[in-house]
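Chains as they are written, first to last, in my numbering: chain P, 1 to 114; chain F, 115 to 664.
Careful: at least some of the hints might be erroneous.
What the hints assert, rightly or not - To give a feel for the contact side, a few chain P residues facing chain F, derived at Cβ under 7 Å:
#1 L32
#2 L34
#3 I43
#4 T46
#5 L49
#6 G50
#7 L76
#8 S98
To be verified - Chain F stretches covered by chain P per the calculated footprint, using a threshold of three residues with CB under 8 Å from any CB of chain P:
#9 148-160
#10 290-302
Simulated from the structure, these hints should not be mistaken for laboratory data. Ideal Cβ placement from N, Cα and C applies to all residues, glycine included.
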Amino acid sequence: MEIILAIAIGVLAGSGIWLVMRPRTYQVIIGLSLLSYAVNLFIFSTGRLGPRAAPVVRAGEAGDLLRYVDPVPQALVLTAIVIGFAVTALFLVVLLASRGLTGTDHVDGQEPEA
Amino acid sequence: MSGLAHHLIILPIVLPLATGAFLLLLDERRHTLKALISLFSVLLVVWAVVALLLQANTPLPQTAVPQVTVYRLGSWPAPFAIVLVLDRLSAMMLALTAILALSTLIFSLARWHRVGPHFHSLFQFLLVGLNGAFLTGDLFNLFVFFEILLAASYGLVLHGSGHARVRGGLHYIAINLAASSLFLIGISLVYGVTGTLNMADIAMQAPAIAPGDRVLFEAGMAILGVAFLVKAGMWPLGFWLPGAYAPAAAPMAAFFAIMTKVGVYIILRLSLLLLGAGAGASAYFGDPWLVTGGIITVLFGTIGILAAQDLPRLASYMVVISSGTLLALIGVGDTAVTAGALFYLLSSTLAIAAFFMLIELVARGQAAGADVLAVTMEAYGETNVDEDDDDGEAVTGVSIPATMAILGLCFMACALLLAGLPPLSGFIAKFVLIKALFQQPEVIPGTVGSTAWILTALLLASGFAAVIAMVRAGIKSFWLPLDGTVPRVRVVEIVPVAGLILLCVGLTAGAGPAMRFADATAQNLHFPGDYIRAVLPADFQAPALSGGPQ
Numbered sequence: 001m002e003i004i005l006a007i008a009i010g011v012l013a014g015s016g017i018w019l020v021m022r023p024r025t026y027q028v029i030i031g032l033s034l035l036s037y038a039v040n041l042f043i044f045s046t047g048r049l050g051p052r053a054a055p056v057v058r059a060g061e062a063g064d065l066l067r068y069v070d071p072v073p074q075a076l077v078l079t080a081i082v083i084g085f086a087v088t089a090l091f092l093v094v095l096l097a098s099r100g101l102t103g104t105d106h107v108d109g110q111e112p113e114a
Numbered sequence: 115m116s117g118l119a120h121h122l123i124i125l126p127i128v129l130p131l132a133t134g135a136f137l138l139l140l141d142e143r144r145h146t147l148k149a150l151i152s153l154f155s156v157l158l159v160v161w162a163v164v165a166l167l168l169q170a171n172t173p174l175p176q177t178a179v180p181q182v183t184v185y186r187l188g189s190w191p192a193p194f195a196i197v198l199v200l201d202r203l204s205a206m207m208l209a210l211t212a213i214l215a216l217s218t219l220i221f222s223l224a225r226w227h228r229v230g231p232h233f234h235s236l237f238q239f240l241l242v243g244l245n246g247a248f249l250t251g252d253l254f255n256l257f258v259f260f261e262i263l264l265a266a267s268y269g270l271v272l273h274g275s276g277h278a279r280v281r282g283g284l285h286y287i288a289i290n291l292a293a294s295s296l297f298l299i300g301i302s303l304v305y306g307v308t309g310t311l312n313m314a315d316i317a318m319q320a321p322a323i324a325p326g327d328r329v330l331f332e333a334g335m336a337i338l339g340v341a342f343l344v345k346a347g348m349w350p351l352g353f354w355l356p357g358a359y360a361p362a363a364a365p366m367a368a369f370f371a372i373m374t375k376v377g378v379y380i381i382l383r384l385s386l387l388l389l390g391a392g393a394g395a396s397a398y399f400g401d402p403w404l405v406t407g408g409i410i411t412v413l414f415g416t417i418g419i420l421a422a423q424d425l426p427r428l429a430s431y432m433v434v435i436s437s438g439t440l441l442a443l444i445g446v447g448d449t450a451v452t453a454g455a456l457f458y459l460l461s462s463t464l465a466i467a468a469f470f471m472l473i474e475l476v477a478r479g480q481a482a483g484a485d486v487l488a489v490t491m492e493a494y495g496e497t498n499v500d501e502d503d504d505d506g507e508a509v510t511g512v513s514i515p516a517t518m519a520i521l522g523l524c525f526m527a528c529a530l531l532l533a534g535l536p537p538l539s540g541f542i543a544k545f546v547l548i549k550a551l552f553q554q555p556e557v558i559p560g561t562v563g564s565t566a567w568i569l570t571a572l573l574l575a576s577g578f579a580a581v582i583a584m585v586r587a588g589i590k591s592f593w594l595p596l597d598g599t600v601p602r603v604r605v606v607e608i609v610p611v612a613g614l615i616l617l618c619v620g621l622t623a624g625a626g627p628a629m630r631f632a633d634a635t636a637q638n639l640h641f642p643g644d645y646i647r648a649v650l651p652a653d654f655q656a657p658a659l660s661g662g663p664q
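Full structure from sequences and hints, please.
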């Protein structure tokens, strides 16, 4: 389980970083999205991984650490997703404004001289 | 403390939030009403912040223990829920923010607040984020406030639109989104190791981290540090800064002078709280990096101001120099040096903000500045610039007599402040710093001396470069244009600039009390026992918690 998650985070982060370095704005925004997925999975993993473990302690049950996972990272992921979504939408607007003003989708607003 | 006075600490966050949200509902054409509400909100925040500053600077009765006010947002005790913490440092940063907010808002009332939609709402939200970031005592809450201030700043960087701003804004948003990812990774690493997000609680746990986990903790702190250093604009993470600040609208660039200082503030807070003398094996973990990075940043900024072709770019590189100096000084990790750095922070931030606003006024008489403004006006369908100027003249009567003389005086004052020449507060800051650098106790013989010499040389060299750059810019703007038109300047535009410079003059005259405050703040930071004791309930504190100035 750990190895699968680790590989997933690694692949997402790696492709995200590669795309962020690309010169087209669309590639940059997809790269940033992939990066934020990788980060969200990473935060999620700090709450311990385990199947059939709820992040709440049921009434009447002893607080056995084997039976529940830490709820805080899940709350953090939720917040991070919401914020990331909003800011990505904002970035998309700026991207479109840049495309409209400059007529190119290069991140510097002009094509490099060949 | 009883009744409403206890809730005063939340006012700088809640009031701008409510105001900003309410302003969204008002029609965009009701400029005057919006401006009045916005101004009223900022004035109330200024009042609250002054009260908080006085409160934080008064020690608890009958003791010398500094007063650290803790506000429990959910009425739960500290490690379980989010708290706001007000100590001397946060009170000082709040005051600085409020002063800059008031002056830049007044400045923008002359013209800038009309060139784009929802200016006042964004302005208020930026204030929410800044105040929250300075007040919070929780790492993840800090991330939330950071995102609020960044989201508002994205809008304000683009305020006025135009090619240069959209291009600068695009880079600015992309780098900050990437930095936010690092921020989150750092937070989760620290949480994974310590099991808490409360800063005081992390500081408590730090010495007891198992040796195997320590490398994870340090990696987390390092990644967090990188995220903040991007904000603070340290070389090589700060190349976005001139591109975003230089084309931004003048009052916004002036307000953004505080935004790099948010990064500096967090670095100062976390490096002394979590990685200070009490952090066990991780003590002073990042300090060599801060010193080296700060030195290179100052060199980069120095080359930048010498190479800058226009005034906004010159001012942006001044921001870089100021950040670099502060980071290098924080890395020295000495109480007296930190005190001097705090005084330098006040002086340089006020001066840079005044300079950003001043250069817009100076450039107005020249063609380049007019072009930018014309494009802006055109993009938003405003009436053309000349007509607008005529309106202004009708309102204020004639343009102020001796405009050029006043502008020239302000320019000279800014130059003295930024270069650190006598008689203004920039000189006092550098004097205090150099004195403190050479008086710090030598931990390892020989090492302190060389760092002190390098930093002193750097302080003086960057000041010298600033003199050259400012003199050259001054000659080009004031003496060279023989047929240059006198810029039309309204009273509301020159008053904030003069006000900020007068504050620096006040800082010079009141250097004694100001330095005493900075000393006390630095003491609190280097011995965070009182901070931790105030935040955490008694049964959470380890018995071995050491604190208080020895």
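Hint-by-hint comparison with the structure:
1. L32: holds, 5 Å
2. L34: Violated, about 10 Å.
3. I43: Since the shortest Cβ distance to chain F is 4 Å, the answer is holds.
4. T46: Holds, about 4 Å.
5. L49: violated, 12 Å
6. G50: violated, 15 Å
7. L76: holds, 6 Å
8. S98: holds, 5 Å
9. 148-160: violated (count 0)
10. 290-302: holds (count 8)
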